[in-house]
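Protein chains: 2
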Amino acid sequence: MVKSRRAGDGVSAAKKIELKAIGFVKTEAVGKEVRDKGNVSEIVFREDLAEALDGIEDFSHFFVIFWMHETSKEERRMMKVHPRGRRDMPLLGVFATRTAYRPNAIGLTLVELLGVKGNVVTVRGLDAFDGTPVLDIKPFDYWDMAEDARVPEWWKRL
Amino acid sequence: MVKSRRAGDGVSAAKKIELKAIGFVKTEAVGKEVRDKGNVSEIVFREDLAEALDGIEDFSHFFVIFWMHETSKEERRMMKVHPRGRRDMPLLGVFATRTAYRPNAIGLTLVELLGVKGNVVTVRGLDAFDGTPVLDIKPFDYWDMAEDARVPEWWKRL
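Residue numbers (my numbering), protein chains in the order written: chain A, 1 to 158; chain B, 1 to 158.
Mixed in with the good hints, there may be bad ones.
No distinction is drawn between identical chains; accordingly, a pair holds when it is met within one copy or between any pair of copies.
Unchecked claim - Quick list of in silico lysine-lysine cross-link-like pairs, DSSO-like style, CA-CA up to 30 Å:
1) K15 <-> K32
2) K15 <-> K156
3) K156 <-> K16
4) K73 <-> K32
5) K20 <-> K80
6) K117 <-> K80
7) K117 <-> K16
8) K80 <-> K32
9) K80 <-> K16
10) K32 <-> K16
11) K15 <-> K73
12) K117 <-> K73
13) K37 <-> K73
14) K20 <-> K32
15) K117 <-> K37
16) K20 <-> K117
17) K156 <-> K117
18) K16 <-> K73
19) K15 <-> K117
Just so you know, the hints here were simulated from the structure itself, not pulled from any lab data.
Just chain A, same shape as in the assembly:
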């Protein structure tokens, strides 16, 4: 048991955290097409944030953290799912999956950077729908990898 330095953990559990999109996804892909690894999208950043992109072009890959805005309030209350809705998959807690049905409908995807032009960054491999609000991006480095990762058996069948 890790001791906390502060009393009253969880007291602020009800407090809301307010975010504002830093940009939006632009893609011609629809439905399951967005999952195609070759899918090319643009991230159109807010113009007031263009300066904050300086230097991103020197990375080949970055993570995109986005808001899956098409997930409904009801879907965000789900506790368990069959991964990708497949009945041959076990029923699992949403946190053990990458489903969009989760309390905070945040998506996380590693993408390849193809180009930067002003406030527009073109990427490959972003599985987000057109119009998706982007919350943050993170340059990728080796510390984000676990070479020896273990995943469950069902995951390998996805």
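Put chain B on the given structure of chain A with help from the hints.
Frame of chain A; chain B shown alone:
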């Protein structure tokens, strides 16, 4: 230029996105100690979400997406930083770095799962302060890695 299927991109740019913590970080580490790769922390999930953890124990690693709540409004308006405040580093757009000074003060860290007990998950490698609100977790898989990633020269000196 990717064509959008929808008109009016960016119209909702001002719209706020409201999140609620799914849990909180508990650690004895203070200051720079949290960056120690061996640092052990607990994530205490909200009790109403304990069920959503079912199956997480079968993964060795997962990403933690957290809210860097000690970042001030002023710091969130910064556009450029020297990585880790080091003057020997170039001045870069915040999105080209992993600084906490970013419009949405979101942190992303890959951690090793050590154990699960009810709504408490013990992890190694989480560089977040005691009391940090957690927004989401994502089981790690190989698709989150880029074996051939390119990073800038300054990054290697960090």
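| field | Hints violated by the structure (numbers, ascending) | value | Failing hints, ascending: 2, 3.
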